[in-house]
Each structure stands twice: as structure tokens, then as C-alpha cells.
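Kindly produce the complete structure, drawing on both the sequences and the hints.
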Amino acid sequence: MNFLHKAILAGVSMALLSGSALAQLAPVAPIKPKVFTNFGVTRTDNYYWLNQPTNAEVLKYLNAENAYFEKQMAGAQATQKKLVAEIKGRIKQEDASMPYRDNGYYYYTRFEFGSEYPIYCRKKGATIESEEVLLNGDEMGTGRPYFQIGDWSVSDNNQLLAFTADTVSRRLYTLRFKNLLTGQLFPERIANTGGEVVWAADNKTVFYTKKDVTTLLPYQVYRHTVGTDPKTDAVVYEEHDNTFNVRVSRSKSRKYVAIELTSSLSSEYRYIDALTPTAKFNTFLRREKDHLYHVEHLGDKFYVRTNWEAPNYRLMVTPVINTAKASWRDAITRHPEIFLDNFALFREYLVLNERKGGLRQLHVVSFKDKQEHYLPFEEPAYTATIGTNAEQDTPLLRYNYTSLTTPASIFEYDMSTRTSTLLKEQPVLGGFNKRDYVTERIFVKSRDNVFIPMSLVYKKGTKLDGTAPLLQYAYGSYGASQDPTFSAARLSLLNQGFVYALCNIRGGQEMGRQWFENGRMLNKKNSFNDFIDCSLYLTKPQEATVAGSKAKQQYTATDKLFAMGGSAGGLLMGAVLNMRPDLYKGVIAVVPFVDVVTTMSDPTIPLTTSEYDQWGNPADEDYFNYMLSYSPYDNVKAQAYPNMLVTTGLYDSQVQYYEPAKWVAKLRALKTDKNQLLLHTDMSAGHGGASGRFKSIDDTARQYAFMLMLLGKNL
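Under mature numbering (1 follows the signal peptide of the UniProt record, and there is no 0), read the sequence shown as residues -23 to -1, 1 to 692, first letter to last.
By construction, these hints were calculated from the structure, which means they are not laboratory data.
Note that the coordinates shown come from a computational prediction; the quantities given were computed from them, not determined experimentally.
Glycine included, each C-beta is placed from N, C-alpha and C at the ideal position.
Be careful, since some hints might not be right.
Unchecked claim - No farther apart than 25 Å at their CA atoms in a straight line, the calculated lysine-lysine pairs in the PhoX-like style are these:
{"hint": "1", "residue 1": "Lys229", "residue 2": "Lys302"}
{"hint": "2", "residue 1": "Lys155", "residue 2": "Lys101"}
{"hint": "3", "residue 1": "Lys58", "residue 2": "Lys436"}
{"hint": "4", "residue 1": "Lys562", "residue 2": "Lys690"}
{"hint": "5", "residue 1": "Lys436", "residue 2": "Lys229"}
{"hint": "6", "residue 1": "Lys690", "residue 2": "Lys9"}
{"hint": "7", "residue 1": "Lys9", "residue 2": "Lys614"}
{"hint": "8", "residue 1": "Lys614", "residue 2": "Lys651"}
{"hint": "9", "residue 1": "Lys229", "residue 2": "Lys181"}
{"hint": "10", "residue 1": "Lys333", "residue 2": "Lys440"}
{"hint": "11", "residue 1": "Lys101", "residue 2": "Lys208"}
{"hint": "12", "residue 1": "Lys58", "residue 2": "Lys672"}
{"hint": "13", "residue 1": "Lys69", "residue 2": "Lys100"}
{"hint": "14", "residue 1": "Lys208", "residue 2": "Lys181"}
{"hint": "15", "residue 1": "Lys302", "residue 2": "Lys65"}
{"hint": "16", "residue 1": "Lys440", "residue 2": "Lys422"}
{"hint": "17", "residue 1": "Lys59", "residue 2": "Lys648"}
To be verified - With beta-carbon atoms standing in for the labels, derived distance ranges:
{"hint": "18", "residue 1": "Asn500", "residue 2": "Phe258", "range": "34 to 42 Å"}
{"hint": "19", "residue 1": "Asn500", "residue 2": "Thr396", "range": "41 to 49 Å"}
{"hint": "20", "residue 1": "Ser230", "residue 2": "Asn156", "range": "50 to 58 Å"}
{"hint": "21", "residue 1": "Asp250", "residue 2": "Gln29", "range": "44 to 52 Å"}
{"hint": "22", "residue 1": "Asn472", "residue 2": "Lys517", "range": "57 to 65 Å"}
{"hint": "23", "residue 1": "Gln348", "residue 2": "Leu513", "range": "27 to 35 Å"}
{"hint": "24", "residue 1": "Ala303", "residue 2": "Asp79", "range": "30 to 38 Å"}
{"hint": "25", "residue 1": "Thr444", "residue 2": "Phe16", "range": "30 to 38 Å"}
{"hint": "26", "residue 1": "Asp79", "residue 2": "Asn156", "range": "17 to 25 Å"}
{"hint": "27", "residue 1": "Lys347", "residue 2": "Pro30", "range": "55 to 63 Å"}
Listed below in C-alpha cells is the structure:
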């Protein structure tokens, strides 16, 4: 160990080290042991001190890591710049979303040339002269390191606008109001809201949630009268169970204002008539253990998506005048093997977004004659979802469609004539032709004999003989399904001969609710094993049918395989790295959740308590031991690791920056290889990275340049 390393380990200030010395030497975080003892198990955390975001020594360490990153990536800077220009060049800069009709106006967003943020607009008719600018996001975000509109909503009389914005990236939103007749902003500012805002029907009352600024959990609902002092706002609901999240909404029918209370495994819905905003909220059905439900309204009925006696959910209906469970009836014939993801109500039609074989389907049912049909889709891997349908009295369904080769598209489907019309396919500039790319969908047999869906895409002509580099991506947590979607940025990898593989490992809900159950709590290791089994499949020769005949096919090899995941997918990366580091050339862990035991043991850390149903509560010995057995930070050991790029944001509200920072520090101290280990901290962003449509390209280009550098490729 040389003098500089010893100096840092002894706690010598980074400021005493010369810039040139830091540029040549990987930063080493000082060791300041903190001991934890649980159930007779002692853990020593040498880097717990990094949990001090305003501490000068912490900031110097993070900046030193950034300087080291820049030094190590210096040879790839030209490639990164070319990637930024290439990806940006595929974006149609002057663009607009497809307008949708709501309460007599057509609403849309548009971008001007060079703008980072959208301009929110509406028109009374179809002419450009009738355009009203509701919010100019580009003007509002100019000069800010971070800017994001959270929600916006127009009053029923179309005269007032409520909107929320985050300027820090902690998902603490400030609520403001605008008079659309005069263009003037109201003076009141309501800070630390949950982001959503809902109007009552009286055109002066709004409902919003407040967050605990420490845990970042929304836990209160307030009622505000526009133009009055927010200090006088009434608290209409407060949640005392810190495993529940609170949000407000309004039914699509506009009839009801609702408070939605949701944990991982239980929910509760409360509502009032939007015409009587000061009324006491009614409880639709009190929360029950392991019962999740969601309510929508049409006519004299409530429709309920529920997992009551239906693990894959079913749709039930009940009269508005009686919401007791005894009055619930199946709205349609139940198919237990089909997962009900979402639904939309129209005056004459019901639309169900279902999952069959892991892919989303659109299922239309006529209320009038009970006829049912599915919309046909031909690609082997795709995503079809219910789009923006603000009005119920129409036979026209807006739906979204995309695939690994088809850009995001909006269709209008006439449910009476069963005909689809393409309204818009997102333009991709630069000569893109979807027919130049191939998409596949396969099922990989896991070690415990389940079949894991995997979607792949590559450019035609790519050799599948083990010589192609491959980027393998997965998430596998919270029941959040990862559907095959298009990425214009990804073309830069595909055009360099990469194969991209999306793995639907357990922990999501792609294959139904049981897929989620088998990838959480005491089943969490299934997620890691599934990812590894997919990696093994991708790196070994497989039987395939090519041009009608049998042939051997191999997608990649271990010296060309890259893995990537973010947030809980970063946990996946950390666990897989400890288990099978030999399988990968490089790994990119984006805002990774890697310090599972320590984080889940501290209820003051944002979002901890609401996630006990995902990972378990380490106050229980069984969960403590199981979590400790896979927690990436706790299982770093003296072994060779592949090349790694780890990214985080100083203001991350979901996974605090110090988790990846601690992880990298521990890896530096223990790993036995000479591979790259880079940490990049965005000092002005949070969980989602940089804001703005062009700023975020830098994050993607950084990741791609890292992989290309490791392959010895320069653009």
C-alpha cells in the first residue's frame, strides 16, 4: 500500500492531495467503522459515515470519484460526444404529442427547437390561432440544474390551472395556481406535496397530499381554496400506518374525488361527490390483509379491479348505493389464468388490458350485446396499453403500441367497426428503417424448471455465433413488469453489432401475480438465479431453426456480455456480481439499491417502511438472515469482479446516494482484479437522472461509451 492510500485511509483530507495525484489514483474512502449487532450477528460498516450529504469530506470524496471517472473515461470522450450527437440527431426537435379531447378542449404538449422541456398547451378548436399556452416548461426550467412538472389539472369551468413542480429531484413538489383568463399566477405556494392535484366541481377547491420531508412518504390529504392562505387548509385525512402511501384522484366520470391508500399488499378507497368538497369521505371498503383493489365509476355503478379470491385479479361491479363486498358481482366471465392489468370504461364498452403469455392484450367487451374480441398484434414481442381516454361517451379507444423495433405509436380504434387508425408514430430521424432490425421472443428454462420470457433485438446481419456483444437488462421487483419497448438511443448499440436482451425474471408480474410472489420476500433469490440462467443461455450454443433447417446459434460469449439494471434492478446487479462475476465483461448499475439490511433496518430512511412487504422487515430474524444472505453490500468479498460503472444522484429520493458510494468504496478495498470500477455521481440530480430531453442523453451516452471502450471500439 503506497503513501497516498495510507494517507486517505488515515483520514487525511482529500483537499491535501494534488489534482494530478487524484487523477492517477483511484479514490479510497477513509475507514470509520460502525458496528451493528442483530440476533447475535455482528456487522461492521466501514463507510457508514458517507451518509452525510452536506459533509465537506463526503462531497470531496464524491467529487474525487467523479474526477477519477473522467480520467479513466478520457479515451472514450470522443466516442461519448459522437454518441450524444448521434442520439440527439434521431430526435425530431420541433414535435408535439397527439392532442386528446377533454371537456371541450384539445390538450397536447409540444417542443420547440433546442428546448429541454415541454410546453403544455390546449386549443378550443383545430386552428393554431386558438392555442393557449398553459405552462411553458422550457422557460420555467431554464437556469435550473433540475426541473420537472409533476402534475397539472384544469378546473371544470376551464378557467383555472393547478400544477406542481420539483426543482431539486427529491420528488417534493410545490403546488401553484394560474388564472387561465388573465395568465396571472396566484400568490400561494404549497411546498412538499406528493405531486398530484385534484379539483372539486366547484372550480375553487383542490385536494392535494403532503409528504413527510424525512421519509418522503405522502401521509396527509389537504383541502385548499384557491386564493386563500395555505396555512388555513383543512387536513381531511391523515394516514398513521407508515407502510401505506396516500394519493388523491378523480374518477374519469368526474363524479367523485377519491383518496387512494395503498401498500404493497393492501388498499383502501375513500370518496366524496365532487359537488360537495367539504363532505366527509365515504369508505368504499375498509382495508383487508392481502386485498388490493382499485375503483372506477360509470353511471350508477362502481367497477372494481380486485384480487379478492382471484390472484390474477378480476373485474367486479357494484351499485353506487351499496359498496359492501356482498353486493359485488363479476362484471365479465373470469379467466383465472389471465392477469388483469388495467381497464377503461366507456358508455357502451369496457376495455381490459390483460396479460397472456407475458404480453399485453387489449380485450374489448360491448355492454350492449356482450360481444367480446381482442385486438390483433403480429410482432413476437410488443407492448399494447390503454392510452389517454379522457371522455367516456365515445366508441373510440386511444391505445399505445410499441415494440423493440416499432417506435412509440398512438392508434385510434373504433370499437363499433373494429378498425384501427394510426394517429402518430414517433419520428426517428437519420434514416431509421424498422425492417433493418430483428426481434425475437424466447423462453429460457430456469434451474427450477420454470420458463423465463426473454425478448431480443439486433440488426439484420449480426452474426449469432458468439462473437456479438450483448447487453442484458432486467428489473424483477415490486411487480413492475418490463415490457418490450422501442428506444431510439438503443439503435447506437444495435448498429455497432450489439444484441439487446430484456429478461422478464421473477419479481415482476409479466407472467401473472405468482411471478411476483415468487420473486419477493423469502423468494427473492429466484430473481437473481433467473438472471444468471438467462446469461448462461445467452453464452452457450443453442439449437435454432435458420432458413427452415436446424443450426447451432449462440448470441454472445462471457467476454462480450454486459449486464445492466437500475434501482431495484441495481440490487439485482449487485447480487449477481457476488454470485457469478465470471459471466460478464462489464456491469452497469444505475442508482443501485445495494445496502438492503441497513436501509431496511432504518425506518427514517425514505420509503423504507412502505417496502417491508417487498423485502421483509429485518426486525424479524428470518427476514434478517435471508436479506443478509444476498444483500450486495454485505456480501462483497475478496474475489475478481468484472468492469463496473455505478451511477447515482446526490438528491436521489428513492435510493440514497450513499448506498452506491459505500458499495464502490467496499469493492475498491476488497476486489482482487485490475478491472475498471467507476462511480459517477450527478451532483444536481436524483433517482431519474438529469431532467430534460437532451440532458438525459448524456447519461445514456456515458453508459454506451463505457461498454464500447471495454470492447476497444471507437466511433
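Hint check:
1. Lys229 / Lys302: 23 Å, holds
2. Lys155 / Lys101: Cα-Cα ~18 Å, so holds.
3. Lys58 / Lys436: OK: Lys58 and Lys436 at ~23 Å, within 25 Å.
4. Lys562 / Lys690: 14 Å, holds
5. Lys436 / Lys229: 42 Å, violated
6. Lys690 / Lys9: Answer violated: Lys690 to Lys9 is near 40 Å, above 25 Å.
7. Lys9 / Lys614: 19 Å, holds
8. Lys614 / Lys651: 15 Å, holds
9. Lys229 / Lys181: 19 Å, holds
10. Lys333 / Lys440: 31 Å, violated
11. Lys101 / Lys208: 36 Å, violated
12. Lys58 / Lys672: 13 Å, holds
13. Lys69 / Lys100: Within the cut-off at roughly 22 Å; holds.
14. Lys208 / Lys181: 16 Å, holds
15. Lys302 / Lys65: 53 Å, violated
16. Lys440 / Lys422: OK: Lys440 and Lys422 at ~24 Å, within 25 Å.
17. Lys59 / Lys648: It is violated: about 33 Å lies between the C-alpha atoms, which goes past 25 Å.
18. Asn500 / Phe258: 34 to 42 Å: For Asn500 and Phe258 the Cβ distance comes to about 37 Å; the hint holds.
19. Asn500 / Thr396: 41 to 49 Å: Because 45 Å falls inside the window, the suggested range holds.
20. Ser230 / Asn156: 50 to 58 Å: 27 Å, violated
21. Asp250 / Gln29: 44 to 52 Å: 49 Å, holds
22. Asn472 / Lys517: 57 to 65 Å: 26 Å, violated
23. Gln348 / Leu513: 27 to 35 Å: 47 Å, violated
24. Ala303 / Asp79: 30 to 38 Å: 36 Å, holds
25. Thr444 / Phe16: 30 to 38 Å: Distance hint for Thr444, Phe16 is violated at roughly 50 Å.
26. Asp79 / Asn156: 17 to 25 Å: Given range 17 to 25 Å: holds, Cβ gap about 19 Å.
27. Lys347 / Pro30: 55 to 63 Å: Since the Cβ atoms of Lys347 and Pro30 sit about 58 Å apart, the hinted range of 55 to 63 Å holds.
The structure does not agree with the numbered hints 5, 6, 10, 11, 15, 17, 20, 22, 23, 25 stated previously, though it agrees with the rest.
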